[in-house]
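Asker: The residues making up each chain are set out below.
Protein chains: 2
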Amino acid sequence: MTYCVGLLLDAGMVCLSDTRTNAGLDNIATYRKMFHFEEPGERVITIMTAGSLSVTQTTIARLREAVEDEDASPETSIMKAPTMLKVADIVGAMLAQVRREVDEKLNAMNQGATASMIVAGQRARAMRLFLIYPEGNFIEATEDTPFLQIGEHKYGKPILDRVVRRGTSLADAQKAVLLSMDSTLRSNLSVGMPLDLCVMEKDACRVTQKRRIEAGDEQFRAMSEAWSRALRDRFTQIAI
Amino acid sequence: MTYCVGLLLDAGMVCLSDTRTNAGLDNIATYRKMFHFEEPGERVITIMTAGSLSVTQTTIARLREAVEDEDASPETSIMKAPTMLKVADIVGAMLAQVRREVDEKLNAMNQGATASMIVAGQRARAMRLFLIYPEGNFIEATEDTPFLQIGEHKYGKPILDRVVRRGTSLADAQKAVLLSMDSTLRSNLSVGMPLDLCVMEKDACRVTQKRRIEAGDEQFRAMSEAWSRALRDRFTQIAI
Numbered sequence: 000m001t002y003c004v005g006l007l008l009d010a011g012m013v014c015l016s017d018t019r020t021n022a023g024l025d026n027i028a029t030y031r032k033m034f035h036f037e038e039p040g041e042r043v044i045t046i047m048t049a050g051s052l053s054v055t056q057t058t059i060a061r062l063r064e065a066v067e068d069e070d071a072s073p074e075t076s077i078m079k080a081p082t083m084l085k086v087a088d089i090v091g092a093m094l095a096q097v098r099r100e101v102d103e104k105l106n107a108m109n110q111g112a113t114a115s116m117i118v119a120g121q122r123a124r125a126m127r128l129f130l131i132y133p134e135g136n137f138i139e140a141t142e143d144t145p146f147l148q149i150g151e152h153k154y155g156k157p158i159l160d161r162v163v164r165r166g167t168s169l170a171d172a173q174k175a176v177l178l179s180m181d182s183t184l185r186s187n188l189s190v191g192m193p194l195d196l197c198v199m200e201k202d203a204c205r206v207t208q209k210r211r212i213e214a215g216d217e218q219f220r221a222m223s224e225a226w227s228r229a230l231r232d233r234f235t236q237i238a239i
Numbered sequence: 000m001t002y003c004v005g006l007l008l009d010a011g012m013v014c015l016s017d018t019r020t021n022a023g024l025d026n027i028a029t030y031r032k033m034f035h036f037e038e039p040g041e042r043v044i045t046i047m048t049a050g051s052l053s054v055t056q057t058t059i060a061r062l063r064e065a066v067e068d069e070d071a072s073p074e075t076s077i078m079k080a081p082t083m084l085k086v087a088d089i090v091g092a093m094l095a096q097v098r099r100e101v102d103e104k105l106n107a108m109n110q111g112a113t114a115s116m117i118v119a120g121q122r123a124r125a126m127r128l129f130l131i132y133p134e135g136n137f138i139e140a141t142e143d144t145p146f147l148q149i150g151e152h153k154y155g156k157p158i159l160d161r162v163v164r165r166g167t168s169l170a171d172a173q174k175a176v177l178l179s180m181d182s183t184l185r186s187n188l189s190v191g192m193p194l195d196l197c198v199m200e201k202d203a204c205r206v207t208q209k210r211r212i213e214a215g216d217e218q219f220r221a222m223s224e225a226w227s228r229a230l231r232d233r234f235t236q237i238a239i
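Residue numbers (numbering that gives the first Met the number 0), protein chains in the order written: chain B, 0 to 239; chain V, 0 to 239.
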């Protein structure tokens, strides 16, 4: 499985993904699930993926091909699309098409493949955050719901529900997604380190911070332990 | 949906269930999902249910019938079964049979019904806690894994993973299951108040505490708010 989360805040956007993929519990590997497309100052797009690796890899590869194609047009290339809405549309159409193709192959074996994606970015004035469903349709983060998740989203949702608002600072937002991921890592083996974290500050139109957090990362371990300790301390003090 | 959790501790057992059932989002009702069978001092059994209401109600009704039957035997009545293992066996067989019957009826409409249960209790010396699968097979809580959950279990798992050990006191255990439920209630509409909480102290062989927590319960609200406040406070203080 996978856990990816994207936040759309007044100050910018924050994305976090894990890297574990598995075909059965005995076949575990590390694959990047966060992809950036940038034309600094003009547009920035981060895509995170969950689901069948054969679907997500092919979708990302074809999106790249379309960007590099010499006939690339605003209809086919996410780097030429006039708005983030059009970007979501292109990604959704590509995902749906690849999923159908892979599904047809797998149908012969009575299996199926599915995948979903988070698309976060800024083109011109508006930062926007979309969740693309396997069928290609999508929803968008709003003022009321400033975060979107794909994959194993339930373990890490309570902390986000409690602390993330549109006005949350980028520093607090990074802490929130990391603690959300930490809860997921602890409760579900199919989500695993290393992690990819990125920040896109508002109006920079580029990835302003990018960090890979490896399994032994001292800072992440310290934060995770401090949080566990804080939870246990507070737990002891609360009255029922 | 549903959320039920059972804890097996050195000091006794703690069970908590919600009461929301729904057939679609527009058809919501309140049904008890926690059932007690007691012969104080001799044996105590608490059963919690998740899944299709038609399956769980029929299963519980038939288990009661079997207890009240004048030909009740250790093979058919959970109140005559010699061990908790045999109780789990009887419940599992009954659940599987009812599920098959209901499934057959629903197959005609291309629908299916499923359900699972938690069985907690003490007969003679050993307190035991089982999770019964829809097929009738079951697993048991152990020293390493002192809690079992059914229904919407993911939201409330991180807090249990962090604080529940076999040596946890009954007071802390009640707090842990209530906070686990609180996280679930906040993040998932299909789980709802009121709640049923019970404690079976070790060797009492009866339900030593039973409490229904209604939607407006002042104590629960205060605990939930204190916990939210504590999380937010600590969140602010933790460094990344």
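Hints are computed from structural coordinates only; laboratory data are not their basis.
Among the hints, a few may not be true.
Pairwise CB distance ranges, derived in the manner of DEER restraints [claimed, not checked]:
hint	chain 1	residue 1	chain 2	residue 2	range
1	B	ARG228	V	VAL66	42 to 50 angstroms
2	V	ARG63	B	LEU84	44 to 52 angstroms
3	V	ALA203	B	GLN56	15 to 23 angstroms
Which residues of chain V face chain B? A partial, calculated answer using Cβ under 8 angstroms [as the list claims (entries may be wrong)]:
hint	residue
4	LEU105
5	ASN106
6	MET108
7	TYR154
8	SER227
9	ILE237
10	ALA238
Pairs of lysine to any residue residues, derived as SDA-like cross-links and limited to a Cα-Cα distance of at most 20 angstroms, are as follows [to be verified]:
hint	chain 1	residue 1	chain 2	residue 2
11	V	LYS209	B	ALA238
12	B	LYS79	B	GLU67
13	B	LYS209	V	ALA238
14	V	LYS209	B	LYS209
15	B	LYS209	V	ILE239
Even for Gly, the Cβ is constructed at its ideal location relative to N, Cα and C.
Asker: For each hint, tell me whether it holds in the structure or not.
Answerer: Each hint tested on the structure:
1. B:ARG228 to V:VAL66: 42 to 50 angstroms: This hint holds: roughly 48 angstroms between Cβ atoms.
2. V:ARG63 to B:LEU84: 44 to 52 angstroms: 58 angstroms, violated
3. V:ALA203 to B:GLN56: 15 to 23 angstroms: With Cβ atoms ~58 angstroms apart, the hint is violated.
4. LEU105: At about 22 angstroms, which exceeds the 8 angstroms cut-off, the nearest Cβ of chain B leaves the hint on V:LEU105 violated.
5. ASN106: 19 angstroms, violated
6. MET108: Result: violated, 23 angstroms to nearest chain B Cβ.
7. TYR154: Status holds, d = 5 angstroms.
8. SER227: 6 angstroms, holds
9. ILE237: 5 angstroms, holds
10. ALA238: 7 angstroms, holds
11. V:LYS209 to B:ALA238: 18 angstroms, holds
12. B:LYS79 to B:GLU67: Answer holds: B:LYS79 to B:GLU67 is near 11 angstroms, not above 20 angstroms.
13. B:LYS209 to V:ALA238: 18 angstroms, holds
14. V:LYS209 to B:LYS209: 52 angstroms, violated
15. B:LYS209 to V:ILE239: Between B:LYS209 and V:ILE239 the Cα gap is close to 15 angstroms, so the pair holds against 20 angstroms.
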